[in-house]
Amino acid sequence: MAQYVVRRLLLLIPVVIGILLITFLMKALIPTDAVTAMYQGQLSEKDAAQAIATLRAKYHLDLPWYQQFYFYVADLLHGNLGESIRLRKPVIDEIGYRYVNTILLTGASLVIALVIGLVTGILAAAKRNTWLDVTATTIGLFGISMPAFFFGLLLILVVSVWLRLLPVVPHGPMAILLPALSLGLIEAAPLSRVARASMIDVLRRDYIQAARARGASETALLLRHALPNALIVVLTVVGLQIGNLLGGAFIVETIFSWHGIGELAVNAIQWRDFALTQAIILVSAVTYLVINLVADLLYAWLDPRVELVS
Amino acid sequence: MSDILIEEPIFHMPSRGRQLFRRLLRNPSAALGGSVLAVLILLAAFAPLITPYDPFAINPMGRLKPPTWQHWFGTDEVGRDLFSRIMYGTRYFLLICAVTASISATIGTTLGLIAGAGSALADGIIMRLIDILLAFPYILMVLVVVAILGPSLWTGMAAVGIAGIPGYARLVRSTVLTVKREDYVVSARALGASETEILFFTVLPNVLSPLIVYLSFATPLAALLASALSFAGLGTQPPAPEWGVMLVNSRTYLFSAWWAVAAPGMALFISIFGLNILGNGLRDVLDPQS
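Order-wise, the sequence lines are chains A and B.
Note that the first sequence ends on residue 310 in our numbering; no numbers are left out.
Note that the second sequence ends on residue 290 in our numbering; no numbers are left out.
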């Protein structure tokens, strides 16, 4: 096991270098840099040219790309993610707290998605081909067809405007409720589908029949005998879904003014703030890699049949 | 000896295509989803004939009017007729579906065919590249491409299309690897067919059904993402009557004019829903084992 973990971690290195290179090469392809974008049309032409030249030199934007890459990686190894040209502060200061916010939102949505997805999936599998199953499946189909940003706006409309349950811009711990619901409810749909399919698959197995023959109650059969095995499949899907949640956050964070890295990513791209965009992509990609690694490890730990071969 | 009369068989076996089409019509999901798609295509084609107003014509006196007989879906924040804009929006929706699906499917299928049927070296290079692309969550890939190309309708579509390539490449490669081992490929080779002939006339047709099923599920996802990009200001730009753009413009007026949000939102939801159930139907018909 330990050997496998070390090996998987070592395998991450080329992928991370690949990600760094891709995000870095983006820059060679970007037509305008942040410095130019910032001063365009704001100063007289001569002043702008002067200011642009100074700032470009400061951020090494005047060097060839491979030297810039060297500076970037060297900085990175010193724990420096660069400086946001637009916000005029180290990228890490901005990303740090936003990262925590996004993880909070992703975690809360995941809990909602898991609870609702599992409960409806298990119920649908247990009451297969009844009205309950059909309802759950139909709602699931609605879930995968619903744009997260429209659903978020509908939630605000219903909860805050029509029912007046929450203020439109809630503060404190309640602030996370609506964004987490709009991400979580939508992600519950695919989870419910997977949970249903894998429960149906497991319920057909011989050992379930054996347990039933021994007189286990239907509830025990579902929860104690079938669920643990069905969960293994659900887990792999969860690993992939966290990627969706992290990404889906970019739109939901914008709607609810939740200050996470998704909202920042949208701004950074519009500002053409390269250091910021690159850092966000780097941080998200690495997070995603680590989450998938953890999911694979959990998978192997839960299911002894899975061999850890990389 | 009387002459043997050779008659044409009385019963014709319908062609495979026609058989499939009949089975699709009989499948309720496919029929409903197909009808939604057909309606979308008709609306897009005849939008100028159906719409009572110019989708870009503003009317400062008629801002944010609720639905009436004159304006079926109400008007937006500058008094444009929402019904007309929604009808024209079908063009953007179908364009986005067609362009993103073409980019992902053609490049992905080509890469998948080369990786699955070509040399081990080509397979190795392509799959490592795909692995690195897959290390990015789908949406992050899209953001990288938009960051490079800048926000617009076409760059948004290109970004979503490019991000979809790895999925198609993987699917086609694994299907080709399975199909290659089938008896009918071995017999085609024994009969003297060249490798190119085998690839295009024996392997490719058998890759088509999983490819169509995947396409029908990946396309609505891609369309959702493209409209999410427009919503975030990273895709189609105003004043285009694209549904994502219409939503972002009207969300400011959510409290006073809910219809301006509901109209584009529901249009998008119904269209995506139609494509998704069409996908369910196609899967049932083309891939009965699943």
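By construction, these hints were calculated from the structure, which means they are not laboratory data.
Note that the Cβ used here is the ideal one computed from N, Cα and C, for glycine as well.
Hints should not be assumed to be uniformly reliable.
Unchecked claim - Calculated cross-link-like contacts (lysine to any residue; reagent style SDA-like; alpha-carbon spacing at most 25 Å):
(1) Lys65/B / Lys58/A
(2) Lys58/A / Leu77/A
(3) Lys127/A / Asn27/B
(4) Lys89/A / Ile52/A
(5) Lys65/B / Ser160/A
(6) Lys65/B / Leu77/A
(7) Lys65/B / Leu157/A
(8) Lys180/B / Ser209/B
What the hints assert, rightly or not - Label-pair ranges, simulated between beta-carbon atoms:
(9) Arg16/B / Val100/A: 53 to 61 Å
(10) Ile41/B / Thr138/A: 23 to 31 Å
(11) Leu12/A / Gly118/B: 55 to 63 Å
Here is how each hint holds up against the structure:
Simply put, Lys65/B and Lys58/A have alpha-carbon atoms about 53 Å apart, too far for the 25 Å limit, and the pair is violated. Using a Cα cut-off of 25 Å, the hinted pair Lys58/A and Leu77/A holds, with the two alpha carbons roughly 20 Å apart. At roughly 24 Å between alpha-carbon atoms, Lys127/A and Asn27/B fall within 25 Å of each other, so this suggested pair holds. Between Lys89/A and Ile52/A the alpha-carbon distance is near 18 Å, which keeps this suggested pair within the 25 Å criterion.
Of the pairs offered as hints, the one joining Lys65/B and Ser160/A holds, with about 22 Å between alpha carbons and a cut-off of 25 Å not exceeded. This hinted pair does not check out: Lys65/B and Leu77/A have alpha carbons roughly 58 Å apart, beyond 25 Å. Between Lys65/B and Leu157/A, the direct Cα distance comes to roughly 18 Å. Compliance with the 25 Å bound is thereby established for this hinted pair. For the hint pairing Lys180/B with Ser209/B, the CA-to-CA distance comes to about 16 Å; that is within 25 Å, so the pair holds.
Here the CB-CB span from Arg16/B to Val100/A is close to 57 Å, well matched to the stated 53 to 61 Å. A hinted range of 23 to 31 Å for the beta carbons of Ile41/B and Thr138/A is consistent with their spacing of about 25 Å. At about 28 Å, the CB distance of Leu12/A to Gly118/B disagrees with the hint of 55 to 63 Å.
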